[in-house]
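Please work from the sequences and hints to get the whole structure.
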Amino acid sequence: MVEHTGIRVVHRGGSKINFREPVITSDSRFLLCGSGESVKVYSTSTEECVHDLQGHTDLVTGVVLNPSNHLQAYSCSADGTVRLWDFTDGILIKTFIIRYHIFSIHVSEKHVGVLFVVVPMANEKGSELFQLVAVHLPRSGDPEVEVGELSAVLCDVSPNPGAVSFGTGGEYIAAAKGLQLEVFFFKKQKSYRFSLKSGMNKGINNSFTCISCHPKEDCIATGHADGKIRLWRNFNQKKEYTYSTLHWHHNAVNTLRFTPEGTNLLSGGIESVLVQWRYTQENQKDFLPRLGAAITHIAVSPDGSLFCTSHADNKITIILSSVKVSAIIQGLVKDDCVRTDLMIDPRSKALVLNGKPGHLQFYSLHRDKQLYNLDIVQQEYIHEQGVDQFQVVKAAFDTHGDWLATVEERRQKSSELEINLKLWSYDEQTQSFVLNTTVTAPHEDQITAMCFSPSPETTLLVTTSLDGHFKAWLLADHSDTEESASWSCDFVGGYHLLKPGCCCFSADGSLLAFGFQEVVTVWSPTSWELLTTLSQPPGAVRDLCFGRLSCSKYLLGTSTKNQLCCWNLLTCSLEWNTPMDVSLLQADPFSENMAAFCSQSGSTDLFVFKPSEPRPLFSKKALCTGKVERAIFAPRDQMLESSEEYSQWLNRSQLYFLTQHMDLMTFSTKTEEDRLLASSKQLMVDDSVAITPFYLLLGRHKQQQQEKQELLTNPLAERTPLPQGSIAIKELLDTPAHVLPSASFLCSMFVRSLLVSSSSRSKLEDNVCTP
Amino acid sequence: MASFKPTKIQIYPQLGAKVTQDTLYWKNYKAPVQVKEFGAITNIDFSPLAPHNYAVTASTRIHIYGPFSQEPVKTFTRFKDTAYSGRFRSDGQLLVAGCEDSVVRLFDVSGKVALRMFKGHTKAVHVADFTSDCYHILTCSDDYTCCLWDIPNSTELTKYKEHSDYIRCGATSKLNKDLFVTGSYDHTLKMFDARVQKSVMTMDHNHPVESVLFYPSEGLLVSAGGRYVKVWDLLKRGQPLVSLKNHHKTVTCLCLSGNGQRLLSASLDRHVKVYNTTNYKVVHSFDYTASILSLALAPEDESVVVGMTNGILSIKHRKTSEEKQGPTGQPRRQPVFRVFVKGRNCVPKQDDFLVSKSAKSHLAKYDKQLKRFNVSKALDTALENRKPEITVAVIKELDRRGTLKNALAGRDEQNLSQLVNFLIGNVVDPRFAPVLVTATEMILDIYKAVVGQSSVVDRQLVRLQELVEREIDYQQDLLEVLGMLDTLFASTLPRKEVPCPGNTQL
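As they're listed, the protein sequences go chains L and E. Just so you know, full-length UniProt numbering puts 754 at position 754 of the first sequence, and the rest follows in order with no gaps. Just so you know, full-length UniProt numbering puts 505 at position 505 of the second sequence, and the rest follows in order with no gaps.
Treat the hints with care, since some could be wrong.
[Stated by the list, open to error] What follows is a list of derived Cβ distance ranges for each label pair:
#, chain 1, residue 1, chain 2, residue 2, range
1, L, L497, E, R431, 28 to 38 Å
2, E, E389, L, L435, 16 to 26 Å
3, L, V323, E, L363, 13 to 23 Å
4, L, G55, E, L363, 48 to 58 Å
[Stated by the list, open to error] Short derived list, chain L residues pointing at chain E, Cβ under 10 Å:
#, residue
5, R99
6, G386
7, F390
8, Q391
9, E418
10, A441
Since the hints were derived computationally from the structure, they do not count as laboratory data. Ideal Cβ placement from N, Cα and C applies to all residues, glycine included.
Pasting the structure below:
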């Protein structure tokens, strides 16, 4: 088999933006955060991504502003480099090579030219012990500088960046780990250690989780795993230190931050409530509840006018200092697993998967931005550990996107499974889905698969469940009654009490196939008649797919015992089969191609083929490590015109897949990359204006006009006078108002002066032509 | 920041009939007016003339009522015995009636004494009607004969002796002066043409025929007898079209609505059913207190008049458009409209500083408590609510939050007895059982240590136990029945071979 080099596997959006604390620039206009292997610059007012600072080759593990130049920022990465960026222009200024896996970065105004980074004790990736080292940046003009000099400041620190903090402008540094707090004074070059008594025998986990130092006074606030906040004072000696305790959080305090003036202390945890404590009047608190998900980081702008909180659901909330939410930057929400399959909304062409608990998210792949969240469960989310929540486990769209079916389930520890099937209709007026029917307990056990009939005549939904039945749901029209149309069960079927695992409609909706363990049954959805059964033992059927277009007479199935079978439905016989451990079979809805992901010795291979011939069109070995469980063909907004045989399958649609580590990957061809490169040049915009969708619409247009004008005017020796300089306007502005004629008379003159007269235009064209 | 999402109250499907256009139409009548007559009311007939008076035949007299009066406008009492079938002529001037004494009498509506007496039958005459040319009268009698009489000469024109039992119903054609249909207790319907001496069509109803009715087009004929209402296609030589069996006692009377779109049948089972004449499905039904013998609809369905065996005449008038609005009477005192728009439509002036106020969302009492995580208080407020759906929804929500045990625990005697009372009322309701069974188990777990300390709670617990035991017995019986039915269904299902690809392969 030939390996094709023209097609690359690339990351395309959807990376985490909540991995490390975001940074607000000193003018509060931009927000910087590490996102995968790049640093993203967002506008705080419009939530739009202004720059994507690319250069790191591994995960970015920290971003800080350069204390000596507020237009620059340092970023550190797991690839062992620290890079200095000009974030307003998006330019990489310098790269410092440190050659250690860097976990976090800290700076302080007192220590100019020194960076503090957390690296492993021994230079191994698997090391458990970490140290804080000072990096003295060499002064040299080269863009890439090797840093030789590292001096250890603190040994045995936590790799969590929230557990290290500079106090009173850099006089001391405090770090917490486990049950110990360590304060190092730079002037005295001396460190003090304070430790708490373990409360483990009382059932209390009072270990440190985070730390923040007061910017003006000698006070350290520490957060603890039991929800307490301790304020440490008088810690510049070993014995007579004191601390006071604040307690509001009922679970671990994830993050703490003092405001720049030190008047307030902000704290957050799993409760997803931002708590604002008044310094010295700690019984006065302000709350900002229901922020959506657990707070992981809090950042405050240098002037104290903006706060921002990172949340566990890959979200950054920007909050005004009056404790009001002003903007939300939402990335792709990825839980530890995608319970619903990846889907494409036929209307918006957005990627749909389960996002926040109880929600479906609509994510635009082209713009790498979340469009909206659809609340499926419609219940108050209780932010508490150990509560069984409803989860969206299945979802399906019909062919036109008019109907959405969702299944949510909740399994309690003691009692039974709760399942709800909900059907949503698309409302043209509000441009969103509206709940139409709720079916409580549609099946007695978990629903394994669900699909809509693609035929245009009927709106039919089929669900299969582990209780051994499949059910067909029909939209019943009550035209004679006052009620609107609602869904009801039309047919319940089964096959020898076997458990159905998957279902699939043929492309025209005339056939319906179910995989009942080892047996594939084919039904007619109009008469609910069992047409035929197919089986290729051993091994239960895992996936079923009907062929499309010219291959619509084939039915493909994969089994758990490493078989990929293709049946011919006209003869009801096996056409071909190959031994392959196919973990996922996905049909392209726009062509007859199929993609099979095969897991082999710890990594995944991809084969793209047509059902009519058992010869792959394209194959890629060792795509990624681990199994690929979810993939989807997304339509392209612009067709590619690739003529090479191996990349033709990517012309109409693009294959996205989720790896084991929940990275969203896709395939890109050479032509596509060329096109992207060309368009990125076009998109260079003036950064003095915050980028908004309006700006992208109008600004680019204006720019093009300007360019055109320049093109026109260049051959001329002198430029045409700008409207501001025209005589009419000058006259209008310079003459005193009481001697001017009436405004109605002036208006037409003024407007005419703004227009480009046709005579001058033609003159210009003449000039262009003649030379 | 999202706002608090209120507890979702589950909507349970409403049992019973759905609200259709028909139910709205047929429910739009006022409460019935009831008039007591002297005996069973055998016939009601509306006058075709404008005020639409109606003749009610009961016992030995015929009363004529006006459309809105409850007192008879006029009474005909010159009968020697029970009168039958008082019917108006199509011009509304004459009225004919049969009698138990076999004499048929013709009255002027304004007069009192019979204008003509037709003597010729030997037994009671149950049917008397005018033909469409207004000059002849059709009578049917218990002597198995039916006759045509000439009004001016009061002579008998023709006598048909074809039936072999009492003839209790008949109808004349409105379009053809010579056609009429009779229905008899010999189970047959016969169609006669006055121009020939024999019946032209015979249909077998299989039951003693109680009522016949022509459709306005007269292409179809409806007959009622026994529990059946049957529709016959006259243009296809009397082929049966539909047989309806919606009553569980003899159907006594048939009637068409004003526009001919609905058929009404009245029966001894005290119901009046309304059928759609396109698909013959029952779209509505009325209940009455006694067996119904006669039924009539005023033109345009303005009123429904029903006569019953106990001599009660029930009249329902259609609601007028003002009365549809709801019960009139003391209007509820409400704040004037000005109160609600106070300051809302104020436009800020140029230099005004506008302080925006966010709209306050209204939360139910239990939701307010849930928002503050006061679980016990939330349950208390929910228990005060009358609707069990709401209480169950709150219990379910508490269970989801994992705090149901906290909410149930720590109650004194009064609180606990209120809670157990609620459980006694609703735990066996199939809609609420899944939620309430877990709550009941929790209560028993929590309070088992204090059983025996309060007589009130103990009594309630014993009642709860009895209730649950009875319910378990019911469930067991039902499961047994289900098992029986399953075997029955399985044995009736035909077995079919599914084509198997195994033998087609080589």
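Here's how the hints hold up against the structure:
1. L497/L / R431/E: 28 to 38 Å: With Cβ atoms ~29 Å apart, the hint holds.
2. E389/E / L435/L: 16 to 26 Å: Roughly 18 Å apart at Cβ, these two residues keep to the hinted range, so it holds.
3. V323/L / L363/E: 13 to 23 Å: holds (22 Å)
4. G55/L / L363/E: 48 to 58 Å: holds (51 Å)
5. R99: violated (45 Å)
6. G386: Constraint on G386/L satisfied, holds at 7 Å.
7. F390: It holds, given that the least Cβ distance between F390/L and chain E is near 8 Å, below 10 Å.
8. Q391: violated (13 Å)
9. E418: Since chain E brings a Cβ to about 9 Å from E418/L, closer than 10 Å, the hint holds.
10. A441: holds (9 Å)
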